[in-house]
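Enquirer: Read off the chains here:
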Amino acid sequence: MTTSDQTTEIPFYSPQGNEESLFEHAYGNQLPVLLKGPTGSGKTRFIAHMAAQLNLPLYTVSCHDDLTASDLVGRYLIGDGQTVWNDGPLTRAVREGGICYLDEVVEARKDTTVVIHPLTDDRRILPIDRTGEILHAPDNFMLVVSYNPGYQSMMKGLKPSTRQRFISMSFNYLKPSQEQEVVEKETGIDAHMAKKLVAMANALRQLKDHDLEEGASTRLLVYTARLIKSGFDPVEACLAGLIEPLSDEEDVVSALMEVVYASFGK
Amino acid sequence: MEEHVGQIWDKLVTRLSDRSYKDSAVTLLDVSKPLGIFFRALGGDNALRIVESTATQHFAKRNWKHRVAGTGKYVELSWQDEDTLHLPKQINVFPDTDLNKDLYYWLAAINAHTLENPSAKARGLQGWFAYSQTITLEVLERFPGLQSRYDRLVGAYLQLRNIDEQFNEQEQSQEDAIAQALRKPGSLEQIPTSQYAPRPVLLWPHPNPPEVVDLSSRRAQPDKDVEGESTPSKPEESKKENKRRNAERVDMPDGKDGLILHRFESIFGFSEFLNINRSTEDDDEADQDKADNNADDMDFLSVARDNKTKGGKVKFDLDLPAESMDEVVLESDVFLPEWDYKKQIMQKDYCSVINYMHDTGESGELPENLRRTAKKLRHQLEALTTKRVWHRHQSEGSELDLDAYINYVGERYSGHKVEQPDLYQQLRSSERDLSCLLLADFSLSTDTWLSNEARIIDVIRDSLFLFSESLRNTGDQFSIYGFSSRNRGHIRFNTLKTFDEKYNGIVRSRIQAIKPGFYTRMGAAIRYAAAKLEQQDTQQRLLLILTDGKPNDLDRYEGRYGVEDTRRAIHEAKAKGLQTFCITIDDQGGEYLPHIFGTNGFTIIRKPEHLPQKLPILYANLTTNPS
Ligand SMILES: Nc1ncnc2c1ncn2[C@@H]1O[C@H](COP(=O)(O)OP(=O)(O)OP(=O)(O)O)[C@@H](O)[C@H]1O
Ligand SMILES: [Mg+2]
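Quick mapping for you: the protein sequence lines, in order, are chains A and B. The opening residue of the first sequence carries number 1 in the numbering used here; numbering runs sequentially from there. The opening residue of the second sequence carries number 1001 in the numbering used here; numbering runs sequentially from there.
Among the hints, a few may not be true.
Stated by the list, open to error - To spell it out: a stretch of chain B is covered by chain A in this simulated footprint if at least three of its residues, at any positions, have a beta carbon under 8 Å from a beta carbon of chain A; those stretches are:
#1 1036 to 1043
#2 1135 to 1148
#3 1587 to 1600
Stated by the list, open to error - Think about it this way: if two alpha-carbon atoms lie no more than 20 Å apart in a straight line, the pair counts; the simulated DMTMM-like pairs of lysine to aspartate or glutamate are:
#4 K1576(B) / E107(A)
#5 K1515(B) / E1609(B)
#6 K266(A) / D1081(B)
#7 K159(A) / D1045(B)
#8 K1343(B) / D1081(B)
#9 K159(A) / D1500(B)
#10 K159(A) / D66(A)
#11 K1101(B) / E1175(B)
#12 K159(A) / D1433(B)
#13 K110(A) / D1096(B)
#14 K1502(B) / E1365(B)
#15 K208(A) / E1052(B)
#16 K36(A) / E19(A)
#17 K110(A) / E1396(B)
#18 K229(A) / E184(A)
#19 K266(A) / E1572(B)
#20 K208(A) / D1045(B)
#21 K1033(B) / E213(A)
#22 K110(A) / D1537(B)
#23 K1101(B) / D251(A)
#24 K159(A) / D1537(B)
#25 K159(A) / E1534(B)
As the list claims (entries may be wrong) - Computed list of chain A residues with no C-beta within reach of chain B, every gap over 10 Å:
#26 E20
#27 T68
#28 V114
#29 G231
#30 D233
Rather than coming from a laboratory, the hints here were simulated on the basis of the structure. Predicted model only: the values in this text are computed from it and were never measured. Positions of the beta carbon are idealized from the N, C-alpha and C atoms, including for glycine.
With the hints as constraints, model all of the structure from the sequences given.
Expert: In C-alpha cells:
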C-alpha cells in the first residue's frame, strides 16, 4: 500500500478525452469509478493526476491473489500485553476522506467484494465486523478500481454484480501525435526519435490478439526512450525494451525485430 | 527409349534456362510465420492467409533457351485478394540467401502498404510503372529502415536482370527506364512502349492481379459436408503440391453456378499485348506459343464445381435426418444479428435460432467403456480444483497456528517486539466461483469416420460424457449445448444440460442421443450461448467451444465472411466479460483461429481420439491459476 498526501506538484497527464471532467463529476456526485484498459495506458498516472488536482490524499492498493478483506479494512495487532486495532487503507480513506484506488481489483480474493459492495451503492457504508463499527463514508471519499480486461491468462473477470456498481472509463493508447508528446516530455528524447518509436509501437499494436497477447504499452515506450536517451544503441534498446517484453517465442521475437529494422535499418 | 531420351533432354534444357540459384533458395514455408507477423505489423490485413502464388503468364520476350524448354513463360509474383496474400512459393533469384529473404520481406512490406491515394493504382503498363514507383516511395518513407535493404536488393537485381539477354533498341530503352525507376523511384513518369511487354520486375507489385468474380457464389474449398461422404477427410489433399495457374472464376451466363470458367489472365491484360503478339506473323515465338497448346496451357478451362451440382443437391436433401418425435422445443424464433464485414455493418435480426431438447423420458447410463476413465478423471479434477489446504500464518482463522504462536511467544520473551503476528490457520478450498458453458459443434462433418469404430461425433459424445463426469464433484457450474445450422433461418441449438439442471440420467440420455446436424454457423451459436452464460453471476465465466472445422453454412457463410462474423461474436462475448476458448480437432486451425480467438485463445488436438481424456484436463488447466 502506498499513500500520497497532498502534494503541490500535479503529475503530468495528457488526456485522451473527457475523462478528467467525467471523473470530477463522479467525485462530485459520490459515484465510484472503474478504470479499464490495457497495461501501461496511463490509468495509474491518471489517478495520481486527479488526486492531486482535487487535492485529495490517495491510498493505492495493488491487489494480488492473497489480498483479503482484512488487508483492506484492518486488523488487530497484538502489542505489549494488549491488542490494538489498526485501520487498513480502505478504512483510513473512509475515515479521513480521500481516494482509495484498488489497482487490478480482479486479483483480490473473493471476500473483498463483501466490503466493496456496501460502499459502492447508495448506502456508502463500511461495516467493520471485528470492532462492531459501521462507518459512513464522507462526501470526499471516493472508491476507484482498475482492471485490465485483456489480461486473460488468469481467467478472471469481474462479477456483473460488482461491475455494475461503477461508472466505467475506458483507457487506450494515445493517438500517435499525443503519445509522441508524452514520450518526449517523460524522457526528454528528441522529437524525431520519439516519432519513430511511436510508429513502431503502433505497428506492434496491430499484432494484438492475432500474434501477441498485448501490444507495446506507453510504459514500454517510455522505458525504451530512456535507454536510448542515456546513450544505448537504439536497435538494442528496442529489443530489450519493446520486443522481448512482448514475447518469449524465439521466432516471434525475430519477426518483431524485422519490424524494428524496418524503422532503424539493418 | 525415345521417351527416356526425351526426358533427359527436357531436364537439360530446363536446367539451362532456369537461371536461378538452388542452394540459396528460400521457400515461403521457411519464412511464412515471421513474414506474416511482419506483414501484419506493417499494416497488412490481419485476416489474410499467406499462400503460394500461382504462376502468371507474362508475355515478355523469352530467350531461346526458355523457348526450347517451354519455361519462362510464367512468373510468380505477389498480390492479395480479399482473403489471401499470394507470395512466391520460393525465391531463388539471388546467389545469396539473405538477399532472397530480403526480397520476401520487401514484398510483404509493399503488400502491407495501402496507398495514400488508391486511385493511383491504375491498370495497364503505364499505370503499373507509375504505381510501382509510388508505392516504393511511400513504403520507404514510412519505414526508412528498409532503405538499405531496398538499395541492396536493387543493386543485386539489376546486375542479374540483364545477363544473357539481347535487346533491340526499343527494349533496351524500356530496360533503362525500369532500371532508373528502381534506382530512383519517382523519377520517371512513363515507360517507352515496345512490341513486347517488359519482363516482370520482381520488386514491384503484380501489374494485373487476378480478380475473383462474384465471391458470394464461390466456394473456397469443396464442401465435404454437402457430399456427406463417410470417409475420413484428407487434409493432405488441400496441401497438394500444385502450382495452379492464374484462374478466374466466371459465372455462367444463365447465372447458374454449376459450371465455372477458368480464364488464364495475362500479365497486363489481354488487350495490351496479346494482340500484338498475334499480329506479328513472322514472330517465331507466336508459333512456339501455339505449339505449347496442351490442356495445361489452355487459356480457357471449364471446371465443374464439386458441390452444388445437381447430384450433390439431391443427395443433400436425402441426407436430412427426420426431425425426431421426442424433440421438445424450448425456445424458437430467437432473432440474432450477424456481422457483414464487407459492408462493415451488423445485420439486425438476421439469424433465427431454435433451442430444443431431446426428451426420451428415459434415464441413460454412462457407457461401460468410459467408466474407468471417468473415475480416474473425476479424482484428478477434484484434486486440481477443490484442493482444501491449511493456510498458515493468517490474521484470522478457525484454529490457532501453533508454530506461529510458539515463535511469537519466543520472540516476545527474548525482547523482540513483533509487529503483526498472524497466529491463526484456516482450512480453505482454493477459491473457485466459476461457470462454464460448453458449446459443441454438431455439424455434418462430425459424421466423418476417424477409424473403423468411431466417427467424430462419437468422440464428441465421449468427450461430453467425460467432461460432465469430471466436473460433477468440483462444484463448478456448467452447462452443455450443441449446435448446427442450415441457412441463417435454421440454427439449431441442442440443449443437453442447463446450468440449473443436475447432471443425471436424463442428461446422459440426451448426450447419448446426439447426432450430426448440418452446417456450422458459429457466430449465431456463440451469440446465443453468450447470452445464456452472461446471466451467471460468478467471477469467472468461461465459454468453451468444441469444433472440428471452420465456420461455414450454405448462404455465403464461408471463407472470410464466416470467420469475421465469428470473430465479431467472440469480441462481443469478451466485451461482456466472458472468457472464451476454442478446442478444435482441425489440423488447419492454425490458419484462421488466431484471427478469431487470439493467439492464446485456442488449442488444436491433433489426435481426435485423445479429445475425451484431454478435454477435462484442459478445462482444469484453463480454470486454475498457475500460482
Ligand atoms: N496520458 C498520459 N499522460 C502522461 N503519461 C502517460 C500517459 N499515458 C501513459 N503515460 C506514461 O506511461 C506510463 C505508464 O502508465 P501507467 O502506469 O499509468 O499505466 P497503467 O494503465 O496504470 O498500467 P497497468 O495496468 O499496468 O497498471 C506512465 O508512467 C507515463 O510515463
Ligand atoms: Mg497501473
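Enquirer: Holds or violated: K266(A) and E1572(B), Cα atoms, limit 20 Å.
Expert: Violated: K266(A) and E1572(B) sit about 41 Å apart, past 20 Å.
Enquirer: Does the alpha-carbon distance linking K159(A) and D1045(B) stay inside the 20 Å limit?
Expert: violated (35 Å)
Enquirer: Would the pair K229(A) and E184(A) pass a check requiring their Cα atoms to be no farther apart than 20 Å?
Expert: Answer holds: K229(A) to E184(A) is near 10 Å, not above 20 Å.
Enquirer: Is it true that the CA of K1343(B) sits at most 20 Å from the CA of D1081(B)?
Expert: holds (16 Å)
Enquirer: With 10 Å as the threshold, tell me whether E20(A) passes as away from chain B on beta-carbon distances.
Expert: At roughly 25 Å from the nearest Cβ of chain B, E20(A) sits farther out than 10 Å, so the non-interface label holds.
Enquirer: Please verify whether K159(A) and D1500(B) have alpha carbons no more than 20 Å apart.
Expert: holds (19 Å)
Enquirer: Please verify whether K159(A) and D66(A) have alpha carbons no more than 20 Å apart.
Expert: The given pair, whose Cα atoms are some 18 Å apart, holds under the 20 Å limit.
Enquirer: Against the 20 Å threshold, does the CA-CA distance of K1576(B) and E107(A) hold or violate the hint?
Expert: Holds - the C-alpha atoms of E107(A) and K1576(B) are around 18 Å apart, at most 20 Å.
Enquirer: Far enough from chain B: is every CB of that chain over 10 Å from the CB of D233(A)?
Expert: Per Cβ check, D233(A) is outside 10 Å of chain B; nearest 14 Å; holds.
Enquirer: Hey, K110(A) versus D1537(B), does the alpha-carbon distance stay inside 20 Å?
Expert: Holds. K110(A) to D1537(B) sits at ~13 Å (cutoff 20 Å).
Enquirer: When you look at the beta carbon of G231(A), is every beta carbon of chain B farther off than 10 Å?
Expert: holds (20 Å)
Enquirer: Run the distance test for K1502(B) versus E1365(B): straight-line Cα separation, threshold 20 Å.
Expert: holds (15 Å)
Hint check: violations occur at hints 6, 7, 11, 13, 15, 19 and 27; the rest are consistent with the structure.
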